[in-house]
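A.B. asks: Those sequence lines, one after another, are chains G and B.
Quick note: the first sequence, position 98, residue 98 per the working numbering, numbers continuous.
Quick note: the second sequence, position 182, residue 182 per the working numbering, numbers continuous.
Keep in mind that the hints were calculated from the coordinates and are not lab data.
A few of these clues could be false.
Mimicking EDC-like on lysine to aspartate or glutamate, the simulated pairs with C-alpha atoms at most 16 Å apart in a straight line are [what the hints assert, rightly or not]: (1) G:K82 with G:D43; (2) B:K106 with B:E19; (3) G:K10 with G:E55; (4) B:K113 with G:D31; (5) B:K114 with G:D31; (6) B:K113 with G:E13; (7) G:K89 with G:E13; (8) G:K89 with B:E9; (9) B:K15 with G:E92; (10) B:K114 with G:E92; (11) G:K63 with G:D28; (12) B:K208 with B:D164; (13) G:K10 with G:D43; (14) B:K103 with B:D52; (15) G:K10 with G:E81; (16) G:K69 with G:D31; (17) G:K10 with B:E6; (18) B:K159 with G:E55; (19) G:K64 with G:D31; (20) B:K103 with B:E6; (21) B:K106 with G:D31; (22) B:K114 with B:E19; (23) B:K159 with B:E6; (24) G:K51 with G:D31; (25) B:K74 with B:D52; (26) G:K63 with G:D31.
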Amino acid sequence: MKVDISGLSKFFENRIRLGIMSILIVNDSYDFNSLKAALCVTDGNLASHLKALEENGLIMVSKKFIGKKPNTSYSATESGEKIFRLHLKALEDIIRKK
Amino acid sequence: METQSEYIEDLRIIKKVMEESSRFLSLSGLSGLFAGLIALAGAAIAVFVFPDGKILLRGGFFLEQPVDDLILLKIRLSILALVVLILAISISLWFSYRKARRKGLKMWTPVSKKLLASLLVPLVTGGILIIIFYLQHNWQLVIPSMLVFYGLALVGAGKFTYNDVHYLGLTEIITGIAALILPAYGIIFWCFGFGLLHIIYGLLMYRKYER
C-alpha cells in the first residue's frame, strides 16, 4: 500500500527539535531554562536547535526582563504549528497503514 | 529514511513531552490518601478529645446549645484546623516530591506554577470568607464554604494535572452544597469531603498511575 509521507518535515528528523515543538504546541510560551530541564539537553545544544527553528520561521523568540534577570521565552508561530501538525498527521498515517 | 520503529518512537516522544510539559504528573495518589487520614484524625480529635467537642455531632454550636467555655472550644478548633491544614499540605508535597524524584521529573516547572496559581485564587478567597463568617458567627457557612471553595480550586487545577482532580473537585462542591442544605450534619460532610473522598480518590489514582 502506498503511504503519503509528503507531510513529514525534515525539521523534525531531529528528536530535540521534535521535543521543542511538542512543548510549544501545548504551551503558549516556554522559557529557555524550562525547555532545557524538560528535554535534558545542554545549553549549547538547545540554543543551536532553537536558532534553526527560529531562522526557518517555526518559532518566535521574545526577550524580556523579570526584575533584573533576562528571560528568553519561545512560542510556536502559526506556520510552525501548521508544519508540526502535518508532520504529526503523517507520522500517524504511516503507523496506521502499516 | 527513518524506519517504522523510529516513527513509533517519534510519536511516543511527542506524546510524552506534551503530557509532561502541560500537566503536573508528580502528584501522588498517596498524597490524597494521607491527607484524608489526617483530616479524619483531626475530626476525631475535635469530637472525641476536646471537651464539649461532642456538640459538633449534635448539630454544631450554631444551634445555640448551652455550652460553657464555647470560646475555648472555638479557639481549640481554629488551632486544630490550622495544624491539620499544614500537616496535610506538607505530607502531600512530600509524597509528590518523592514521586517526582523517582520518575526523574521536576517539581518546579511552568505547569506547576500555573497549577499553584489556579489553586491559590479560590483557596485564598475562600479562606478570607471563612474567617469573616467565623468572626460574624455565621457558623453554618464555615464547613460548606470550605468544601465548595476547595472544590472550585480543584476543578480549576484539574486542567494542569490528572483529570481525576477535576472530578474530585466536582464531588467536593456537591458535598459542600449538601452541607449547606443540612447544616446540622456539617462535621459528617466535612469528614466525607476532606477525609473519605481524599482517601478514595488517592487510592484510585495510586492504582491508576503508580503501580
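A.B. asks: Decide if the proposed pair is consistent with the structure: K64 (chain G) and D31 (chain G), CA atoms, cutoff 16 Å inclusive.
C.D. replies: holds, 11 Å
A.B. asks: Compare the distance between the alpha carbons of K113 (chain B) and E13 (chain G) with 16 Å, and conclude whether the hinted pair is satisfied.
C.D. replies: violated, 31 Å
A.B. asks: Does the structure keep K159 (chain B) and E6 (chain B) at a Cα separation of 16 Å or less?
C.D. replies: At roughly 31 Å apart (the allowed maximum being 16 Å), E6 (chain B) and K159 (chain B) break the hint.
A.B. asks: For a C-alpha distance cap of 16 Å, please report whether K63 (chain G) and D28 (chain G) respect it.
C.D. replies: Status holds; Cα separation ~15 Å.
A.B. asks: Measure nothing beyond the straight line between the CA atoms of K51 (chain G) and D31 (chain G); if it is 16 Å or shorter, mark the hint as holding.
C.D. replies: Roughly 14 Å between the alpha carbons, so the hint for K51 (chain G) and D31 (chain G) holds.
A.B. asks: For a C-alpha distance cap of 16 Å, please report whether K208 (chain B) and D164 (chain B) respect it.
C.D. replies: holds, 10 Å
A.B. asks: Starting from K106 (chain B), check that the Cα of E19 (chain B) is at most 16 Å away, please.
C.D. replies: holds, 13 Å
A.B. asks: Would you check the hint for K114 (chain B) and D31 (chain G), treating anything up to 16 Å between C-alpha atoms as holding?
C.D. replies: holds, 14 Å
A.B. asks: Keeping to a limit of 16 Å between CA atoms, is the pair of K82 (chain G) and D43 (chain G) held or broken?
C.D. replies: Violated, because 27 Å separates the two Cα atoms, which is more than 16 Å.
A.B. asks: Taking only the CA atoms, is the gap from K74 (chain B) to D52 (chain B) under or equal to 16 Å?
C.D. replies: Holds, at roughly 10 Å.
A.B. asks: Given the hint that K106 (chain B) pairs with D31 (chain G), test it: the Cα-Cα distance must not exceed 16 Å.
C.D. replies: Judged against 16 Å, a Cα distance of about 15 Å means the pair holds.
A.B. asks: Checking one constraint from the list: CA of K113 (chain B) to CA of D31 (chain G), max 16 Å. Satisfied?
C.D. replies: holds, 13 Å
Comparing the model with each earlier hint shows violations of hints 1, 6, 10, 13, 14, 18, 20, 23; every other hint is respected.
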